[in-house]
Each structure stands twice: as structure tokens, then as C-alpha cells.
Amino acid sequence: MKQLQMQLDLTERDYIDLSNLIYEKCGIYLHKGKRELLRARLAKVLRKHNFASVREYYAHLMGDQTGKELIQLLDSISTNLTFFFREPKHFDFLSNTAIPKLLRSKGSDSGKRLNLWCAGCSSGEEAYSIGMTLLEALPDTKLRLVSILATDISTRMLNAAIRGVYGEEKVEKISYDLRRRYFQKGVKNWEGFYRVKPALREAVEFKRLNLVEPFSFNTCFDIIFCRNVMIYFDKPTQEKLVNRFYGVLSKDGYFFIGHSESLTGIAHPFRYVQPSIYVK
Numbered sequence: 004m005k006q007l008q009m010q011l012d013l014t015e016r017d018y019i020d021l022s023n024l025i026y027e028k029c030g031i032y033l034h035k036g037k038r039e040l041l042r043a044r045l046a047k048v049l050r051k052h053n054f055a056s057v058r059e060y061y062a063h064l065m066g067d068q069t070g071k072e073l074i075q076l077l078d079s080i081s082t083n084l085t086f087f088f089r090e091p092k093h094f095d096f097l098s099n100t101a102i103p104k105l106l107r108s109k110g111s112d113s114g115k116r117l118n119l120w121c122a123g124c125s126s127g128e129e130a131y132s133i134g135m136t137l138l139e140a141l142p143d144t145k146l147r148l149v150s151i152l153a154t155d156i157s158t159r160m161l162n163a164a165i166r167g168v169y170g171e172e173k174v175e176k177i178s179y180d181l182r183r184r185y186f187q188k189g190v191k192n193w194e195g196f197y198r199v200k201p202a203l204r205e206a207v208e209f210k211r212l213n214l215v216e217p218f219s220f221n222t223c224f225d226i227i228f229c230r231n232v233m234i235y236f237d238k239p240t241q242e243k244l245v246n247r248f249y250g251v252l253s254k255d256g257y258f259f260i261g262h263s264e265s266l267t268g269i270a271h272p273f274r275y276v277q278p279s280i281y282v283k
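In this note's numbering, the protein residues as written are 4 to 283.
Bear in mind the hints are in silico, worked out from the structure with no lab data behind them. Among the hints, erroneous ones may be present.
Heads up, simulated EDC-like pairs for lysine to aspartate or glutamate below, C-alpha to C-alpha not over 20 Å straight-line [said to hold, decoys possible]:
1. 188 - 216
2. 176 - 95
3. 35 - 17
4. 200 - 175
5. 51 - 78
6. 71 - 216
7. 210 - 17
Pairwise CB distance ranges, derived in the manner of DEER restraints [said to hold, decoys possible]:
8. 159 - 222: 19 to 29 Å
9. 145 - 79: 40 to 50 Å
10. 234 - 52: 51 to 61 Å
Even glycine gets a Cβ: it sits at the ideal position worked out from N, Cα and C.
I would like the entire structure built from these sequences, with the hints used as guidance.
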């Protein structure tokens with residue numbers, strides 16, 4: 004056991020090499036305060052996959068052309084803290100201001116779609132909150148012209164989102180009426196869980212996307228949510244990403260960030276609307 008612990012020690016070289024790899028491939032900045040967390044998570048990964056040392060594991064990551072192994076490492080050190088209708092004022096603004104204004108701007112052209120993007124959707128709570136907001140706010144004739152794209156770098160998180168099954172402690176914060184309309188309560192072996200109903204599940208398209216890689220969208224978005232994601236990036240990466248979001252947002256489109264985030268110190272062309280909400 005002592006020999007194994009020695010092999011799991013995270014040297015300065017190991018830490019720098021792994022941090023640089025994660026930053027280069029994913030844009031995520033691991034500051035010095037994350038070193039002990041990284042060491043603890045690496046210990047579990049090495050034991051699980053029988054790697055003899057951190058250097059051997061690093062060589063394995065470098066040789067993995069798919070990038071899947073690096074994503075699994077990121078999964079192990081990411082918090083992934085999310086819940087339904089987080090920062091509720093955003094959803095009030097979405098329902099009462101953003102959606103009506105954007106629909107009016109599209110005028111009588113019934114063929115124009117309303118495109119929304121939830122970037123960094125984690126296990127799906129935010130994307131489904133957006134979906135419920137739209138399903139409640141729009142008549143059926145308008146819903147068929149709404150598209151919600153939800154993306155994340157983590158395949159594990161996307162699979163959880165697509166599965167759409169959540170523990171009672173997650174769903175109980177949703178109002179009774181919304182819970183009844185959009186979730187099916189589990190019974191027997193599934194007691195204590197809720198599954199997203201088809202109407203809500205089909206309103207959201209989930210895809211894997213790495214935010215630091217070039218975007219390849221065929222259309223612009225009217226609304227982009229990227230909340231509590233940029234906290235993982237350093238300022239240069241944040242600035243680059245924010246300006247790329249601007250480039251794929253339609254005129255008068257809205258950009259939402261987390262309340263704990265700020266565009267202060269970042270050069271960008273967005274216009275301020277209110278705390279954590281911007282417009283093009």
C-alpha cells in the first residue's frame with residue numbers, strides 16, 4: 004500500500020503536464036487550489052484502471068485520439084452542481100420579456116424559428132427548465148417553431164440528461180402543477196424518482212460539444228444560456244468564448260450567464276440589460 008501511495012504522489016511536473024493538457028483540450032483552468040482534488044481523483048482513476056503511476060496514465064491520455072479518457076477525468080473533478088429553475092429571475096425574464104419581444108420582432112413570418120441554446124447543460128435540469136418555461140409560455144401553434152439545443156462536453160452528463168430520471172429531492176422544488184404536467188412519478192423499484200414526460204423530453208435536443216472547439220452551426224440562436232460554466236475558464240478563454248457566442252447570436256438576441264459570473268474585464272460588444280443578462 005505504501006508503494007502504491009508513493010506512485011500516486013502528484014509531482015509538480017505531473018500537475019503541470021495534466022493541467023496544460025486539460026487547458027489545451029478543454030479550456031478549463033486548474034489553479035493551484037485544485038491540485039489536491041486532482042491528486043485524490045487520480046488515485047481513484049489509477050486504482051480503477053490499474054495504472055502503475057501518474058506518468059503512465061498521462062501517456063495513456065496523450066495517446067487517446069478519441070479524447071474520451073480526458074473527458075472521464077474531467078467528470079471526476081467537476082462539481083456538476085445544478086438544479087431545476089436555478090436563478091428563477093432568469094426564467095421570469097425569459098417568459099415575460101425575452102420570448103414575447105423576440106416573437107414580436109419576427110413579425111408575421113410564421114416560418115421563422117426561435118432557436119435557443121443551453122451551453123454546458125450538465126445533467127439536463129437547466130435545459131428542461133427552459134423547456135418547461137417555453138411550453139408554458141407559448142401556444143401549440145408557436146411551439147412547433149421553437150428549437151432548444153442543449154450541449155455539454157461530458158458524455159456521462161448527456162446520457163443522464165437524455166435519460167431524464169431525477170431523484171425526488173431534485174424535483175420536489177418544482178411547483179406541483181409543473182411536476183404533474185411534465186414528470187411521471189416512479190412506482191415500485193422506481194419509487195422516489197421522477198421521469199421527464201415525452202412532451203418535455205422531445206422539446207430538447209441534446210448533443211456533445213466542446214466549447215473551446217470551433218462552432219459549426221448552420222443557424223444563429225435567439226437566446227443563449229451559458230450559466231455557471233465560464234467559472235472554469237481563465238479570462239482569456241472567457242473573452243474568446245463570449246465573443247464567439249456573440250457571433251452565433253441573432254440581432255437583439257439574449258445572452259444569459261450565471262449570477263456568480265461577470266463580464267467585467269472582458270472586451271465584448273454585448274449590451275447590458277440587467278445583472279447576468281445581455282443583448283446583442
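Now the hints, each set against the structure:
1. Proximity of residue 188 to residue 216 is assessed by CA-CA distance (about 39 Å); at most 20 Å being required, the pair is judged violated.
2. Restraint check for residue 176 and residue 95: satisfied, since their Cα atoms lie roughly 16 Å apart, inside the 20 Å limit.
3. A hinted pair counts as satisfied when its Cα atoms are at most 20 Å apart, and residue 35 with residue 17 qualifies at roughly 13 Å.
4. For the hint linking residue 200 to residue 175, the alpha-carbon distance of about 16 Å falls within 20 Å, and the restraint holds.
5. Annotation: proposed proximity of residue 51 to residue 78 holds, straight-line Cα distance about 15 Å (limit 20 Å).
6. The straight-line distance between the Cα atoms of residue 71 and residue 216 is roughly 15 Å, inside the 20 Å bound, and the hint therefore holds.
7. At most 20 Å may separate the alpha-carbon atoms for a hinted pair to count; residue 210 and residue 17 exceed this at roughly 32 Å.
8. The given range of 19 to 29 Å is respected by residue 159 and residue 222, whose C-beta atoms sit roughly 28 Å from each other.
9. Roughly 42 Å separates the CB atoms of residue 145 and residue 79, a value that falls within the hinted 40 to 50 Å.
10. For residue 234 and residue 52, the Cβ-Cβ distance of about 29 Å falls outside the hinted range of 51 to 61 Å, so the restraint is violated.
Violated hints, in rising order: 1, 7 and 10; the structure is consistent with all others.
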